[in-house]
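Student: Start from the sequences and build out the full structure, keeping to the hints where you can.
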Amino acid sequence: MSEARNLQTVDFDARARQVLSQQPLLSAKDVEVTFSLRGNKLVAIRRASLDLYEGETLAIVGESGSGKSVFTKCFVGMLDKNGSITHGSIEYDGMDLTELTEKQWLSVRGKKIAMVTQDPMTSLNPLKTIGKQIQESVELHQGLRGAAAKAETIRMLEAVGIPDPERRYKQYPHEFSGGMRQRVVTAIAVACRPQILICDEPTTALDVTIQAQILDLIRRLQKEQNMTIIYITHDLGVVANVADRVAVMYAGQVIEIGMANEVFFDPWHPYTWALLSALPQLGIKGEKLPAIDGTPPNLFNKIVGDAFAPRNKHALNIDFLEEPPMYEVTATHEVKAWLRDPRAPKVEQPHAIKLLESQDGKSKGTDPNAYHPHLDPNRQPLIEVKNMQVTFGSGRKKFVAVNDVNFTIYKGETFALVGESGSGKTTIGRALVRINPITAGEVYLEGQKINGKISKAQDLNVIRSCQMIFQDPMASLNERAKVDYIVSEGLINHHLYSSEQERQEKVQKALEEVGLLPEFSSRFPHEFSGGQRQRIGIARALIMEPKFIVADEPISALDVSIRAQVLNLLNDLKQKRGLTYMFIAHDLSVVRFISDRIAVIHKGRIVELAEAEELFLHPLHPYTQALLSAVPNPNPYLERTKQLLVYDPSIHDYSTDKPVWEEILPDHFIYGNQRELDGYRKKLGL
Amino acid sequence: MAAKKERKKTVQELEAPVVNLNVKYNTVDTEPKKERPYGREYPKSRNKMPEKQLFEFAEYHPQDAERTGYSNYSYWKSVWANFLKKKPAVIMSCVFIALFIFTFVASAIGKYDIYMATDPINRAYIAPNSEYWFGTNAIGQDYWAQVWYATRASILLAVLVSLGQIVVGVIIGLVWGYVRSLDRFFTELYNLIDNIPTIIYMTLIALMIGKNMVTMGIAMVGFGWLGTARNVRNLVFMYRDREYNLASRCLGTKLGRILFRNIFPYLVSVIILRMALAIPGTIAYETTLTYLGLMDITKPSLGMLLSTARSVFPRASYTLIFPAIIVSIITITFYLVGNAFSDACDPRNHV
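Protein chains in written order, with this note's numbering: chain A, 1 to 686; chain B, 1001 to 1351.
It should be emphasised that the hints constitute simulated quantities derived from the structure, not laboratory data. It is possible that some hints are incorrect.
Below, computed lysine-lysine pairings styled on DSSO-like, alpha-carbon distance capped at 27 Å [said to hold, decoys possible]: (1) K1085(B) - K449(A); (2) K1087(B) - K81(A); (3) K1077(B) - K302(A); (4) K313(A) - K1052(B); (5) K346(A) - K1086(B); (6) K41(A) - K1052(B); (7) K456(A) - K1254(B); (8) K547(A) - K1254(B); (9) K81(A) - K1085(B); (10) K576(A) - K285(A); (11) K41(A) - K1086(B); (12) K1254(B) - K41(A); (13) K1086(B) - K81(A); (14) K1254(B) - K509(A); (15) K449(A) - K509(A); (16) K1087(B) - K1077(B); (17) K81(A) - K103(A).
Keep in mind the model is a prediction, meaning the values are calculated, not measured.
Tutor: Spelled out as structure tokens, the structure:
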């Protein structure tokens, strides 16, 4: 294990003085972008303004559809064909970027302003070697040829932290992992030594530990090459990590902009309040998260007044009538909200915002009276998994996805399974609902074995008892069926109703229970937003009246403002119906808020299993420690001084001393050999 | 019995008043929705509201928030609208429909029918005139009756055969694509049938069973499903592992229902396209078979008319021209309709 980063502190006041003393490097004024879509006009950017100062990192935060990507695409002239800038100007280097011809763009795009795109899987050419692809950029923009270009390429690969660059130079994209590809894409963008680098969610598709490394890399490159960075993201933890200044976008407008500390600790737009207070990191276990109702507006409609008004619990009458102007809070902090008007009533910032500054990221408010099912002396196991193994393929292609996994889930608890992509967490979840067959081991539901051959009555019982909620709300609903059919599919399969009327009543009840209007049952899924679709998926599972629900990353594909709604709903249902959850996630911060116990899985093996707070306070396994150290924290000061631990599996020497699954403390299990266990015990002071 | 009791109990639990802590939908207004910016009544301009009131807190309605954003895009409506934009395809479809209806009218208004007595000596190859509108054929029968009867028979054969091919092909293709354990079996079956030219099979069937329309039609279906099945199988792969199918499996949905509710609707556009292209294909195939002498030639079909007219072409060119025009209309119609439809079905063209 090594410390990957030095401690660094940020002096936001010094940066603010620096910003105030400069002329902006790039200045966008009243930019309006219109798309024509199916014969309709869609105004994606509604007169947004933004100044960018040299050497800073500006983060743009917003939900999907807020226009953050479209806005920055204007800076590199990469709008989609059906979109155009219909108003405003973007001044850069004495030019107005909105008026450049395609030919003029060639001298700006890539050379002066470059972009790193979101998906590292599709932004590289699979038919060319990595070296060639970087070299292309080096030759084009630095004018180097032949051996010199190759040497520079290899230097670039080294600079973005790719080990053994000589060998890697000759490899193809499929031989690189997601994080490595993102480094390569970054290398291509940086190879032209741009003045401004736009990073469009470069880490969204990556695991937290890899994400932290990429953020480090971008920060380092910025320092070395003195770049100005625009960082687009929806993740406030990432914002806290990278940003000097933060711009919050909603419905195609910049609604709040300021230094990172100002936006995080002294925000004034109700939307920013809502976003920050809905963070699970700030939630108190057992209490509801302050969620934002509803969904962002449909930009096809004409928006009157403040776009956030219908969802805003602090909305004034004027918010529905007139668009607010920008109000200055400090010299560097501006807010587009009527609440800052001198005529407006005085409002206090919500309590959660104040928590943010005082939160130290270690200890955490837990409702002391909260009931923890696994601590109940009469606890009853609902699901027991013994020595479970799942393999895919056969013969030479055999792949062990889950290996020798043991755990027990007690009635009424939320059991979290946390791991990175490819760790086998989804496979375990699917094995429990019997989508993936188990190769070895046993699964018990209320003491009865449910894997292998079972009776028909038992099979029906398992189907009704165990249901699943899926990750991607876009893919998990059948687009060509009405909500009515989707929700009642389980009922129809097993004839769980006596009359058509009873079926419809059940559907209405299920929809109501997840907070949807009963009239939605006659619509098709495409009419709904991600959060609504996810709730339809929950209703589909609930109608079977299950005891146990596997929730496979139910919020990771949702927008920040929607996540809290779904988390609250899951918690409500748990209390009302006495449900038991297995909550699969890659994000530890969410898991801490929602779960009673957490299991950490690495490469198909559970390496540590403990009570949630216990795991956060005393992580023992080096992998757990590495995961915890990488969790983004929505506090710029903490986030920037956190120490990142890197897990290296080769530290385990299991050649002679065989590892075991040991209960080191009551309810705290760990995977390790005797020598390691002794070390862990010493650490716990046993 | 015990299970039933338990179920009843849980239903009662369900019926207990739902305390929705998040949003209270019990108060949803049932009055018809008017066109209003955010579902709330406000004066058009701020001047109508006193300034003091402007800066008061507005009432918060959670159902307004829920209503803010959904699109009213409908896939099939867009497909239809896009298809209607392709004028040539629309015009040709109208022409084709008119042509098919006319085959019935033509037989009724014609002076003779196809069963007219033959008289090869006096009436062979009379050029079109007021008595014989399309002239006569080699054995002195009225060509008008022949052509329209053949058109109707060929269109019916083509539609039925294409439909048969598609139905069989889609069913087999769905099972082939979705059920992993049957993939090997169907692949081998496909290879077995596909590797021998169908003409050989057709010849054998014609010689051993008979050459009538029904037999040959069934034989055409029997080999024509292969292409469709393969196409469908490859498409099923795209949808097979989507999460909504996993959800269905989780709910214990039966295979047939998964195939026809979850996967089939996504393939409808491709299936219609294949069907449109199969119709002229079948007519062409029928012509080939007639030319090879594998079809029944006692009743006229377009294939038969074309293959007999070919031998007398320069002399009695009208016997070729009339059926050729009709075949061209059918082929062009389905070619245009197929293309227009496949363009219209592509969601990328719905922008």
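Student: Under the constraints set out in the numbered hints, which ones does this structure not fulfil?
Tutor: 1, 5, 6, 12, 15
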